[in-house]
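The lines below spell out each chain.
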Amino acid sequence: NAGVMQNPRHLVRRRGQEARLRCSPMKGHSHVYWYRQLPEEGLKFMVYLQKENIIDESGMPKERFSAEFPKEGPSILRIQQVVRGDSAAYFCASSPVGIDTEAFFGQGTRLTVV
Amino acid sequence: KQEVTQIPAALSVPEGENLVLNCSFTDSAIYNLQWFRQDPGKGLTSLLLIQSSQREQTSGRLNASLDKSSGRSTLYIAASQPGDSATYLCAPEGTGGGNKLTFGTGTQLKVEL
Chain A
311 NAGVMQNPRH LVRRRGQEAR LRCSPMKGHS HVYWYRQLPE EGLKFMVYLQ KENIIDESGM
371 PKERFSAEFP KEGPSILRIQ QVVRGDSAAY FCASSPVGID TEAFFGQGTR LTVV
Chain B
3 KQEVTQIPAA LSVPEGENLV LNCSFTDSAI YNLQWFRQDP GKGLTSLLLI QSSQREQTSG
63 RLNASLDKSS GRSTLYIAAS QPGDSATYLC APEGTGGGNK LTFGTGTQLK VEL
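For the protein sequence lines, the chains are A and B, in the order given. Going by the numbering used here, the first sequence opens with residue 311, and the numbers climb by one from there. Going by the numbering used here, the second sequence opens with residue 3, and the numbers climb by one from there.
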């Protein structure tokens with residue numbers, strides 16, 4: 311049973327470009343969470359999704375960031391018009407149910423904006 | 003709003019020592035608390051999950067305790083080894099909806115030969 315798969319592992323974008331980060335949850339998991347870890351800071355919750363639904367996006371920046379988890383395929387975190395401050399590690403986690411359960415994390419995508 | 007504090011922020015010990023890592027949280031309305039390990043440049047590995055109804059959980063040389071009413075959890079590492087060197091993170095899951103975790107900034111552990 312493969313774990314949570316994130317790709318790419320490393321992504322370099324120039325300011326103003328778009329970044330697309332992908333996350334495939336563990337088999338049997340229908341709940342996906344995105345977290346961001348800024349340099350020298352702790353992980354912060356961004357968004358919680360189920361298939362075709364955004365359940366909680368209270369941690370998402372108001373502009374340029376969006377997330378989806380389609381019926382088929384991986385969850386996508388999309389950052390438009392990236393700026394240097396978006397440079398961070400983005401982690402995806404999945405769980406089999408939405409509450410009171412263990413969360414499993416991927417290896418993360420390290421985004422560098424130059 | 004849940005806030006999580008981990009003490010100490012960094013710890014350097016010789017191999018073989020028994021260690022105590024502390025985690026405190028401000029909101030006791032939690033379902034559970036997870037302890038993770040993060041190696042430099044890597045993802046998070048789940049170490050232990052303690053349900054809110056439990057007092058402690060053990061896995062090998064690791065033992066985690068939870069005192070929900072006082073907002074504290076402790077991770078004990080017995081007979082530390084250089085391979086234990088990593089950053090250790092605690093994360094309670096609040097009851098506000100969704101498996102949403104709040105993380106502390108971690109304890110950076112170095113175990114020396």
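These aren't lab readings, by the way, just hints derived from the structure by calculation. Quick caveat: nothing in here was measured; it's all calculated off a predicted structure. Check before you lean on any hint, since a few could be wrong.
[What the hints assert, rightly or not] BS3-like mimics (lysine-lysine), calculated; alpha carbons at most 27 Å apart, straight line:
#1 K354(A) x K112(B)
#2 K361(A) x K112(B)
#3 K354(A) x K337(A)
Structure-based check of all given hints:
1. Restraint check for K354(A) and K112(B): satisfied, since their Cα atoms lie roughly 24 Å apart, inside the 27 Å limit.
2. Taking the CA atoms of K361(A) and K112(B), the gap is about 41 Å. The hint is violated against a cut of 27 Å.
3. Using a Cα cut-off of 27 Å, the hinted pair K354(A) and K337(A) holds, with the two alpha carbons roughly 25 Å apart.
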